[in-house]
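Protein chains in written order, with full-length UniProt numbering: chain B, 1 to 503; chain U, 1 to 346.
Please keep in mind that the hints were generated in silico from the structure rather than gathered at the bench.
Each hint should be verified, as a subset may be incorrect.
Estimated spans, in silico, between C-beta atoms of each pair [to be verified]:
(1) LEU187(U) <-> GLY106(B): 40 to 46 Å
(2) ALA126(U) <-> PRO141(B): 25 to 31 Å
(3) TYR41(U) <-> GLU78(B): 54 to 60 Å
(4) HIS329(B) <-> HIS39(U): 57 to 63 Å
(5) ARG233(B) <-> ILE326(U): 47 to 53 Å
(6) LEU312(U) <-> SER58(B): 23 to 29 Å
For every residue, glycine included, the Cβ atom is placed at its ideal position computed from N, Cα and C.
Here's the letter readout for the chains.
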Amino acid sequence: MSTQKPILQMKQIHKRFPGVKALSNVNLRLFPGEVHALMGENGAGKSTLIKVLTGVYSIDEGSVEMEEAPISVQSPLESQAAGISTVYQEVNLCPNLTVAENIFIGREPRKFGRILWKEMNKRAQEILSERLNLQIDVTEPLYMYSVAVQQLVAIARALNISAKVLILDEPTSSLDKNEVQQLFRIMEKLKQDGLAILFVTHFLDQMYEISDRVTILRNGEFVGEYMAKDLPRLDLVLKMIGKELNLLEELPSLAEEYKDSLGEELVKADGLGRKGAIEPFDLSIHKGEVVGLAGLLGSGRTEAARLFFGADKPDSGKLIFSGRSEGVHTPREAIGRRIAFCSENRKTEGIIGDLTVRENIILALQAKQGVFRTISRKQQEEYADEYIRMLNINPPSPDHLIKNLSGGNQQKVLLARWLLTSPQLFILDEPTRGIDIGAKAEIQKLVLSLSRQGMSFLFISSELEEVLRVSGRIAILRDRHKVKEISGKDMSQHQIMQAIAGG
Amino acid sequence: MGKLYKHHLFWPLCILAALLLFNLFYSPDFFSITMHDGHLYGSLIDILNFGAPLILVAIGMTLVVATKGIDLSVGSIVAISGALACLTISKGTDQNALGLIVISILLAVGLSVLLGAWNGLLVSVAGIQPIIATLILMVAGRGIAQLVTGGQIITVSSSKYSYIGSGALATLPFSIFVVVLMLIVALLLTRKTSLGLFIESVGCNPTASLMAGIRANWVILSVYVFCGVCAGIAGLILSSNVSSADGNNAGLWYELDAILAVVIGGTSLNGGRFYLTGTVIGALIIQTLTTTIYMIGVPPEITLVVKSFVVLAVCLIQSDSFRAAIFYRWKTRHYPGEKESIRHVS
Ligand SMILES: Nc1ncnc2c1ncn2[C@@H]1O[C@H](COP(=O)(O)OP(=O)(O)OP(=O)(O)O)[C@@H](O)[C@H]1O
Ligand SMILES: [Mg+2]
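Please construct the entire structure, taking both the sequences and the accompanying hints into account.
Here it is as C-alpha cells:
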C-alpha cells in the first residue's frame with residue numbers, strides 16, 4: 001500500500017479565526033481504497049480541517065493537491081465538482097421532505113425547467129440500492145426513518161458519480177451499535193469501489209475496526225500520521241491528549257459504593273404516557289440516584305424524558321413530587337421545580353448560536369429569575385469563568401459566539417447552563433454525544449460526584465457501557481414500552497441487550 | 001483600526017457622513033443653523049424634526065425584527081392614533097384645554113397598546129406568521145382610520161396639541177425630546193433588564209429559548225406592544241405637526257422605511273442581535289436621503305426610483321459577502337493563481 005500515491009494531499013495548512021489559531025501546519029494524505037481516521041480532542045480542529053478542504057472556509061496558508069495537481073476550492077459546490085463529497089458534523093436535511101427530495105434538493109433532474117419527479121425517485125432508489133445497499137421507499141418523508149437511515153441518506157446526498165473522496169464528520173455519534181455496523185458495511189463497500197474515505201470519530205473501538213490509517217491533531221497542530229494497526233491504543237490516547245489517561249478505569253468502583261444508600265423519593269411518574277410517543281409507564285427517582293434509560297433509538301427514551309420536563313404534554317398519568325401529585329406543563333414549570341433537561345438536539349433545542357458563551361451559560365438561570373432580577377455583568381463573568389474552568393471549555397473565553405465553538409465544547413456550555421441552575425433532577429439526553437474520551441470520563445465523574453452530593457439524574461445514552469457505568473438502576477425501553485427495570489448486581493450488558501431485543 | 005472597521009456602527013455612520021457631505025457640496029449653506037424667536041432653524045434641524053416619527057417607529061420595529069418578526073401595521077397605527085387624537089380634540093368645546101389634550105393623548109396611546117397587543121397575540125398565541133398577522137392590521141387599520149375620521153381630513157386648531165410636533169423646547173424641536181426619551185426607555189428596558197437577552201434569544205432560536213425556560217410568548221407580545229406604542233406616539237407627532245389627521249395618507253409606507261432603517265442599522269431580519277443606536281442612524285440616513293432628493297430637485301416622477309437605487313447601494317455596501325466578493329476579485333488580481341501553485345510545486 002505504501003507504494004500507492006495519495007489521491008488527495010493537504011500540506012502545511014494554517015487557519016486562524018479571530019482570537020483562535022484553529023490549524024497550524026497540518027498535513028493530511030488520503031489514499032484511494034483506504035479509510036482514514038482523523039482523531040483529536042474537542043476543538044482540536046478536525047471539523048475546521050474538513051471545512052477548509054471543502055471550501056466552507058478559506059485557507060490562510062498551505063496547499064491542497066488532488067491527484068498531484070494543485071487545486072484551490074472556493075466553495076462547497078466547487079469541492080463537490082472536484083470529486084470531494086462531504087457529510088458535515090451538523091447534518092442539514094429536511095425531515096418533512098421525501099427521501100428522494102432530500103437527496104436531490106437543489107439539483108433535481110429537470111427538463112425545460114420542470115422537475116422530473118419519476119426520474120428523480122428512480123435515480124434516488126438506484127443510488128441507495130446500488131451504492132449503499134439500502135432498500136427503502138424513497139417517496140416517504142425522511143422523518144419516517146431511523147437516524148441511521150437518515151445518516152445514509154445524507155451520504156447518498158453527498159455522493160455523486162464522480163466522487164473520489166468521501167468525508168464523514170462524526171457520522172456515528174448518534175447511532176447505536178447495530179446502526180454503526182450497518183454504516184461500516186457500507187463504508188467497506190465504498191472502499192472496495194476505490195473511494196478514499198475520511199472519517200472522524202471519538203470512539204477508539206470504531207477507529208480500530210474500520211480505519212487503515214489515522215491522522216492525529218492536537219490543539220490545531222499536526223501530531224502525526226500512522227497506520228492504525230501499528231498504533232497501540234495507549235499511544236493513540238497519549239498522542240491525542242498529550243498525557244496519559246486512566247480516568248475510565250477508576251469509575252466502576254465509584255458506581256458501586258453509593259447504590260445501597262438511597263435517599264427519599266424525589267419524583268415519581270405514575271402511569272405517565274403520551275400517544276404515539278411513549279406508552280404509560282411508572283418510574284420513580286430518588287434523591288441522589290442515577291437512573292439510566294436504555295433502549296434503541298426510537299424506543300421512546302427521549303419521549304419519556306420530555307414528559308418529565310414538560311416539553312411535551314402527557315395525555316395520561318401524572319408526576320408525583322415528594323408524595324404530592326402535581327403537573328409539570330411547561331419547561332418553565334419544570335425549571336421552577338429544579339428540573340433540568342439537556343436535550344440531545346444540541347443545535348435546535350440547545351444552543352442560541354448568535355449569543356456568546358457567557359450569555360448561553362446564564363440563560364436558564366436568568367430565565368428562572370425573571371426579567372427584572374438581572375444577573376450583573378460581573379456576576380455573569382464569574383459564573384462563566386467558573387464553568388469554563390470546571391468543564392475545560394475551549395477556547396476559554398466567555399465572549400466567543402457559541403456557534404463558533406466545536407461541537408463538543410458547545411455541549412459542555414449547555415451542561416454548564418443547567419448546572420448553574422443547581423437542579424435537583426438533571427435529565428441528560430445523550431450528554432456525551434460528540435464529546436472526546438477525556439471529557440467523556442470527566443462528565444461521567446461529574447455525574448457520580450454530583451449524585452453523591454444529592455443531585456438525581458435521569459441518564460440516557462446509546463452507549464450501554466456508559467449507562468452501566470453511571471447508573472444505579474436502569475429502566476429498559478422497547479418499542480415505546482417500558483419493559484423492564486434492573487438494578488444492583490443484575491445489571492449487565494447481556495441482561496440489557498436481551499431485554500432490548502425482546503428475549 | 002481593524003476594530004473600528006468591524007464596529008457595527010462603522011458603515012452606517014460612513015454612509016450618513018457621505019450623504020451629509022454630498023449635501024454640503026450641493027448647497028453650501030446646508031449646515032448653517034440660524035436662530036429665530038428662540039427656535040433654531042436649518043436643514044439639519046429639519047432632518048431631526050421631520051425624521052422624529054420615523055425614528056420612533058424604527059425603534060419599535062427593531063425589537064420586533066430582533067424576535068425574527070416584522071410589523072407591517074405601523075403605518076396604519078400611525079394613522080389611527082393621529083385620527084383618534086384629533087377626533088377627540090375636535091369634539092371638545094375648548095380645543096386648548098390641557099385636560100382634553102391629555103385625554104386625547106392617553107386615548108391614542110391606549111388604543112396603540114391594544115393594537116400592538118392584537119398583533120402580538122396573533123403572532124405568539126395564534127402562531128400566525130408575523131408578516132401575515134400584521135398584514136391584517138395594515139389593511140384593516142386604514143379602514144379603521146377612515147372610520148374614525150369619517151372619511152374626512154379632521155383639522156384641529158389647538159396650539160397646545162401642535163406643540164408636540166412643532167413646538168420648541170430649549171430652542172430645539174420638542175419632537176426630538178420625545179424621541180430621545182423613547183430611545184432611553186427602550187435602551188433601559190433592553191439593557192438594564194434581561195428583556196434584551198430574552199428578545200435576542202427568542203429571535204435566534206425560539207425552541208431552545210422555550211427549553212431554557214424563557215416565556216417566549218410574553219417576550220413576543222411585549223415587543224409588539226412596544227412597537228405599537230412607538231407607532232402611536234409617532235402618529236401624535238405627525239398629526240400635531242400639521243394639526244390635522246388624514247386617515248388615508250398619514251404614515252403611508254412608514255413600515256417600509258422603518259424596516260429599511262432597522263436593516264441599515266445592522267439588525268438582521270433573521271432575528272437575534274439588535275442595535276438600537278444603529279437603527280436611529282439608519283432612520284437618519286433615510287430621512288436625509290428624502291430631504292436631499294427634494295432639495296436637489298429630482299423630478300417627482302423619479303424620486304422613488306432614485307431613492308431605491310441609493311438604498312440598494314447602501315445595502316450592498318453593508319453586505320459582508322458583497323464586499324468580500326469585490327475584495328476577492330481585487331485580491332486575486334494581485335496574487336494570480338499560477339504564482340501560488342508554482343511556489344508549492346517547486
Ligand atoms: N467560525 C469560527 N469562528 C471562530 N472560531 C472557530 C470557528 N470555527 C471553529 N472555530 C474554533 O476552531 C477550533 C477548532 O474547532 P473544530 O470545530 O475544528 O474542532 P473539532 O476538532 O471538530 O472538535 P469536536 O470534536 O468538538 O467537533 C475551536 O477552538 C473552535 O472554537
Ligand atoms: Mg467537529
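Please check whether ARG233(B) and ILE326(U) have a Cβ separation lying inside 47 to 53 Å.
holds (52 Å)
Range first: 25 to 31 Å. Now tell me if the beta carbons of ALA126(U) and PRO141(B) are that far apart.
holds (26 Å)
Does the Cβ-Cβ separation between LEU187(U) and GLY106(B) fall within 40 to 46 Å?
holds (43 Å)
Hint says 57 to 63 Å; check whether the CB-CB distance for HIS329(B) and HIS39(U) agrees.
Since HIS329(B) and HIS39(U) have Cβ atoms about 59 Å apart, the given range 57 to 63 Å holds.
Status of the given 54 to 60 Å range, CB of GLU78(B) versus CB of TYR41(U)
With Cβ atoms ~59 Å apart, the hint holds.
Regarding LEU312(U) and SER58(B), is the given constraint of 23 to 29 Å on their beta-carbon distance met?
Between LEU312(U) and SER58(B), where Cβ atoms are some 27 Å apart, the hint holds.
Comparing the model with each earlier hint shows no violations; every hint is respected.
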